[in-house]
Amino acid sequence: MRTRNPILRVIIHLSLIIWAIYSTFPFFWAFLGSIKKPVDANARVPVIFGFTPTAQNYVELWLNMPPEKFVPIGIGILVTILALIAFAVFTKDSLTGPAKSLIIISVLVVMFALLPQIADMSKFYTYFLNSVIITVCTLLISISIGCLAGYGIARYSGLLGVILLVVALGFRALPRMAFVLPYYYLANIVGLYDTHIMLILALVAVNQPFTVWMLRSFFMEIPREIEEAAMIDGAGRLQSFLRVIVPITWPGIITTSLFTLLLAYNEFLLARVLMQTNLTLPVAIAQFTSGEDAGHITIANAAAISISLPIVFVIIFFQKHLIKGLASGAVKG
Amino acid sequence: MSRQTFLRFVAPSTILMLLLMVLPLFTSIWLSFHFITYRNLHDPQWIGLANYREVLTDPAFWESLRFTMLYMVTIVPAQIVLGFIVAMLLDQIEGRIRGVYIAASLLPFIVTPVVGALVFRHLFDPNGPCTYLLKTLFHYKLAMNSTTVRALIILHGIWYTTPWAMIVLFAGLQTLPQEPMEAATVDGANWIQKIWYVVLPHLRSLFVFISLISIMDAYRVFDSIYVLTKQNPLYKADTIMYYNFKMAMSYQDLGKANAIAILTVIGIMIILIPFLISTYRQQMEER
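As you go down the protein sequences, you meet chains A and B in turn. Heads up: the first sequence begins at 1 in our numbering, then just goes up one per residue. Heads up: the second sequence begins at 1001 in our numbering, then just goes up one per residue.
Keep in mind that the hints are not guaranteed to be accurate.
[To be verified] Derived CB-CB ranges, DEER-like:
hint	chain 1	residue 1	chain 2	residue 2	range
1	A	L140	B	G1095	51 to 57 Å
2	B	Y1280	A	I48	50 to 56 Å
3	B	R1066	A	E228	55 to 61 Å
4	B	I1085	A	L102	41 to 47 Å
5	A	L140	B	T1005	22 to 28 Å
6	B	R1003	A	H196	49 to 55 Å
7	B	L1023	A	V47	50 to 56 Å
8	B	T1148	A	V107	47 to 53 Å
9	B	L1023	A	L160	54 to 60 Å
10	B	T1185	A	I248	52 to 58 Å
11	B	Q1283	A	P223	15 to 21 Å
[Claimed, not checked] Subject to a maximum C-alpha distance of 25 Å in a straight line, what follows is the list of computed SDA-like cross-link-like pairs (lysine to any residue):
hint	chain 1	residue 1	chain 2	residue 2
12	A	K37	A	K69
13	A	K324	B	V1208
14	B	K1141	A	Y22
[Said to hold, decoys possible] Which residues of chain A face chain B? A partial, calculated answer using Cβ under 7 Å:
hint	residue
15	R4
16	N5
17	P6
18	I12
19	A20
20	I145
21	L181
22	N278
23	P282
24	L326
Derived from the structure by calculation, the hints contain no laboratory data. For clarity, every value in this text was computed on a predicted model and none was experimentally measured. In this text, a Cβ means the ideal position worked out from N, Cα and C, and glycines have one as well.
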C-alpha cells in the first residue's frame, strides 16, 4: 500500500533520514572525536566543523614507531590489498568462490601476521591479531562441524534429531554466566586459562546451537532428490554432501558464517573472563572505558572507529546476506 | 538417512556441545554448593545450600533483579513499537535509497556492543553534544548518578535493539499478501483500519517471536552495563548478569556467583519452557 501523495512521501523520507541520523550519529561523533586533538575533543561547546583534523590518535593507537618510517610499509599494504581486489574482480569466472576466498584470506593472514616483524607495532595491533586469529579459527571450526550437524538433522526424520534441536535451542537461551564461570574453573584446572584455544573452543560451543539451527534451515531448502541422484551415481553420503550439497548451499553457508564472524568478533564477556594477557579488541577497548582524562577520549574514539570499520565493510558488502539471516526467523543470539 | 549415518554427522558438534555446554552447566551446579574463591580453586569446600540462602537474602540481588525487570518492560515494547513504525516507513519506499537507510539503521545492532555503548556514552560525557544540548535548550545540567545512568542504559538499550525488531518486521511486511489489502481498499478502509485489521494480524507470530527473543536478551544484558557504569560504584546500576559478574570478579566468590548463575538459569527456563514445548511440537509435525 504505497502512498502516492507527494507530501506524505516527503514526510516519510524525512522521518527515515532522522532515523538514520539517530542510528549513526554516535558513530559519526566518535569519528569526529578520533580526528580531533584532545583540546578540541574537550571543548566546552562541542565542535563539529571548526577544528584541524589530525591522524595523531590513530598513529598513537597502532604504532610504536614514528609514522614517517611506517609510510613505505603502509604503501606496501595498500598495494597488496588493491592487488587482491583486482585479483578478485578479474578472476570472476575462472575460480570458484571458496577457492578464491581461501587464497585472499591466506594472503591477508600472512601479511598481517608478518607485519610486526618489519614494523614496530603497538599492543593494540597484537590485540587486533588475537581477535583475527580467534575469529577465523572459531569461524572455520564452527562452520565445518555445524554444517555436518545441520545437514544430519535436516535429513534425519527420527526423534533424536528433534530432541537435539530443541535442547540446543534451550542452551542458546541460557545466560552466558552459567558457562563462563565453569569455563574459568575448568580452564584453570586443565591449564588452558589465558590461551587462544580455550576461548576458541568456548566460542565454538556457545555459538554451535545457533549455527546448527541456521545451517539446518538452509539445508532443508535443498530438495532431497539432488543428493539421491548423486548417491545413485555411486557417491557415498559424505562424498555427495561435500561435492554436491555444500556447493549448492554456499550462499546459506556464507550467511551463517557472517553471523558466526560477528558473534566471535564482538564477544566480550567470554574473552574478558577467559583471557588475561591475550586480550581481544572488545576487551582492549573496554579498558578505555573507565578513564576520564583528556587524552583518553580521543584515543578511545580512534579505537572505537578502528574496531567498527571492519564491521561497516561487512554490512556494506554482505547486506543482502545479513538481512536474509537477520530476517530468517527462528535463530538469533 | 539411517540412524547411524545421522549419528556420524552430528557427532563432532554434539560431543563439543556435551563437553562445553552440558558439562559446564553441571560443573556450575556442583560449584554452587561449595565455598570457592580464587585462592582455594583446587580445593573447594562443601557448604550445601548456604550460597543460595545468602544470595536470596541479599538485597543487592533483588535490586539487580528489579532493575533487570524494569529494563525488560521498557526495552521490549519500545523496540517493537519503534521497529514497527520504521519498518512500515521503509516498506513505503523502494530502490537504492532504501538499502542505505537499512544499512544505517543496522549499524547500532551490528557493531561490537562494547563499542556501541562506548560511542553512545560519549554523547553524554560532560563535554558531549547531548549534555550540551540539554544544558542550552532545557537548562538541564546532566550529572551522572545511579538514576541518570539507569536512564542512559535504557536509552542505549532501545537504540541498540530496535534495528533487529525493525528488520524482522520489515521482512514480514514483504510477505504481506496483496488481496486482503486491496479488498480493504475497495471496502473503503482508512490506513489505521488497514494496519489494525490486515497488517497487524499478519505479523502476529513475528511480534510473539521478537518479544520472546528480546525478553531473553534483556534478561542477560551485560556489555552495555559494563561500559556505561564505567565499573564505578557511584553509578551503580546492576542488572542480574552484572551483579553475577561482580560476585565472580570483584568479590571473587565463585561459589556464590555460580549459585546466582543457576538461579538465573532457573528463571529463564520458567519463561522458556512453554516456548521450547511449542517448538518441539512444531518440529515433530514438520519432520
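A quick look at each hint next to the structure:
1. The supplied range of 51 to 57 Å is broken by L140 of chain A and G1095 of chain B, whose beta-carbon atoms lie about 37 Å from each other.
2. With their beta carbons about 54 Å apart, Y1280 of chain B and I48 of chain A fall inside the hinted range of 50 to 56 Å.
3. Remark: the range hint 55 to 61 Å for R1066 of chain B to E228 of chain A is upheld by a beta-carbon distance near 57 Å.
4. For I1085 of chain B paired with L102 of chain A, a C-beta distance near 44 Å keeps the hint of 41 to 47 Å intact.
5. Checked against the hint of 22 to 28 Å, the C-beta distance between L140 of chain A and T1005 of chain B comes to roughly 24 Å, which is consistent with it.
6. The hint said 49 to 55 Å for the Cβ distance between R1003 of chain B and H196 of chain A, and at roughly 36 Å that hint is violated.
7. Separation of L1023 of chain B from V47 of chain A is about 55 Å and conforms to the stated range, judged on CB atoms against 50 to 56 Å.
8. In this structure the hint that T1148 of chain B and V107 of chain A lie 47 to 53 Å apart at CB holds, the actual value being about 49 Å.
9. A C-beta distance of roughly 20 Å is found between L1023 of chain B and L160 of chain A, which places it outside the suggested range of 54 to 60 Å.
10. Distance hint for T1185 of chain B and I248 of chain A: a CB-CB separation of about 41 Å, inconsistent with the stated range 52 to 58 Å.
11. A C-beta distance of roughly 20 Å is found between Q1283 of chain B and P223 of chain A, which places it inside the suggested range of 15 to 21 Å.
12. Among the hinted pairs, K37 of chain A with K69 of chain A is consistent with the structure: their alpha-carbon atoms are about 22 Å apart, no more than 25 Å.
13. Of the supplied pair hints, the one linking K324 of chain A and V1208 of chain B holds, its CA atoms being roughly 20 Å apart against a limit of 25 Å.
14. For the proposed pair K1141 of chain B and Y22 of chain A, the alpha carbon gap of about 22 Å is at most 25 Å, so the pair holds.
15. The interface hint given for R4 of chain A is broken, as the beta carbon of that residue sits about 10 Å from the closest beta carbon of chain B, more than 7 Å.
16. With a cut of 7 Å, the hint placing N5 of chain A at the interface with chain B is violated, because the nearest CB-to-CB distance is about 11 Å.
17. Against a cut-off of 7 Å between C-beta atoms, the interface hint on P6 of chain A is violated, since the closest Cβ of chain B lies about 13 Å away.
18. A least Cβ separation of about 5 Å between I12 of chain A and chain B falls short of the 7 Å threshold, and the interface hint therefore holds.
19. Hint status for A20 of chain A: holds, given a least beta-carbon distance of 4 Å to chain B, under 7 Å.
20. Using the Cβ-Cβ criterion of 7 Å, the hint placing I145 of chain A at the interface with chain B is satisfied: the shortest such distance is roughly 4 Å.
21. The beta carbon of L181 of chain A is positioned within 7 Å of a beta carbon in chain B (closest approach about 5 Å), and the interface hint is therefore held.
22. Interface restraint check: N278 of chain A against chain B, minimum CB-CB distance 17 Å, threshold 7 Å, status violated.
23. Using the Cβ-Cβ criterion of 7 Å, the hint placing P282 of chain A at the interface with chain B is satisfied: the shortest such distance is roughly 5 Å.
24. Given the 7 Å rule on beta carbons, the hint for L326 of chain A holds: about 5 Å separates it from the nearest Cβ of chain B.
The structure fails to meet hints 1, 6, 9, 10, 15, 16, 17, 22 from the earlier list, while all remaining hints are met.
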